[in-house]
Amino acid sequence: MNNIDEITEDHLFQVNLILWLTQPILSDIGIRALLAESGYSVYSIAPSLALPIPIRQRIREKNINAQDGCSPDIILGKEKSNFFLLVECKKQSFGPDSSTSEQARTLLLLDGQILGESLALSPATKVESAVSYVTKDDHKLHIKNTCDILKSEIESAGFRSNYACCFGIKHDSENSIYIVINNNDSDKLNIRESGDIKVIEGQPNTDPRPLYFIPLDPSVEQNEYGKKTLEQRLLSEILSLIGRAKVSDKTVFTVEDLLVKATWGMYNSWSDNSARKNLRRQVNSFLKNKIASSFPQHLLQEKDAWILSIESTKDKETLLSSLLKTEKIEELSKEQLELFEEDKKLLE
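First residue of the sequence shown: 54, per my numbering; consecutive thereafter.
By construction, these hints were calculated from the structure, which means they are not laboratory data.
It cannot be assumed that every hint is accurate.
As the list claims (entries may be wrong) - Heads up, simulated BS3-like pairs for lysine-lysine below, C-alpha to C-alpha not over 25 Å straight-line: (1) K197 to K131; (2) K343 to K281; (3) K343 to K280; (4) K343 to K378; (5) K144 to K189; (6) K378 to K281; (7) K341 to K330; (8) K314 to K303; (9) K133 to K189; (10) K143 to K189; (11) K197 to K223; (12) K197 to K251; (13) K314 to K144; (14) K356 to K330; (15) K143 to K131; (16) K223 to K241; (17) K314 to K299; (18) K281 to K367; (19) K378 to K314; (20) K281 to K330; (21) K367 to K303.
Generate coordinates for the entire structure from the input sequences, incorporating the hints supplied.
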């Protein structure tokens, strides 16, 4: 098993943890959807947000070192309001003079109506917003202090700034996962609880990672776990397509069809076009090199689509039998796979 500290500081784990905390979970699966309980849901994943040109000109005049635009990991929306929480996940803390602080200033400057303009909302819409970083709990205070310094700098220059907070992630000896939120932040964001809040019920000597909505993010450092998880999902969807296919008929599907199913719909909320393009390229490569190369008579690529052809019942049985033998692509434990399947059923 991966070291638990390495898992909690992993960017992909942090992003997927926040996504899970926004899900309307009705059954007890060992995950507490704290953010959903507080009225939050996913508005967008990795959107490109640009500061208005007049703001860019003014911050240059004031020598504020900020980016023209940025892409927070997730935007959460609050039910029955126009409140948006910009969420950015970080492996480690950063200071006010680091390169990361340029992105932080931009997130802080995307306050209220400026954010609304960047999201192309109606000018008549009264937008409220805040920024929350997500990191290991021992980096939480440093990031919060940095944000306070940057916020003061921005406001002293005559600009409005977002409220900034930080969610910490910690674990106990049982491998349970906690979100740490202080009282002021929970009050400001209208989150039901504060303090150390258990969000994943762990077990000793087990991997605490829940089933990932996004198993692979091309915009960050790649890891073998994410790659294998995505390939396992794709293989499962291909097996499902073959199982449903009618003999002598052709089944047409696209890479985007597979990605929507492999991420349980989160692909539709992914606004980072570069990451989407990279993912499609990786999926096409997987289909071409790991499936079509072995069964060229059954799986063909035609422009943006793939065509599955099965001429007989024997063809179907052979395909299913051969592909089932490759399911070891995902080297997870039997217990994890069973848990993941239970999680998936609750989202269907």
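The hints, checked one at a time:
no. : hint         : result
1   : K197 to K131 : 22 Å, holds
2   : K343 to K281 : 13 Å, holds
3   : K343 to K280 : 14 Å, holds
4   : K343 to K378 : 13 Å, holds
5   : K144 to K189 : 7 Å, holds
6   : K378 to K281 : 15 Å, holds
7   : K341 to K330 : 16 Å, holds
8   : K314 to K303 : 20 Å, holds
9   : K133 to K189 : 31 Å, violated
10  : K143 to K189 : 8 Å, holds
11  : K197 to K223 : 16 Å, holds
12  : K197 to K251 : 21 Å, holds
13  : K314 to K144 : 28 Å, violated
14  : K356 to K330 : 15 Å, holds
15  : K143 to K131 : 23 Å, holds
16  : K223 to K241 : 22 Å, holds
17  : K314 to K299 : 21 Å, holds
18  : K281 to K367 : 29 Å, violated
19  : K378 to K314 : 22 Å, holds
20  : K281 to K330 : 19 Å, holds
21  : K367 to K303 : 16 Å, holds
Violation of the numbered hints given earlier is confined to hints 9, 13, 18; the remaining hints are satisfied by the structure.
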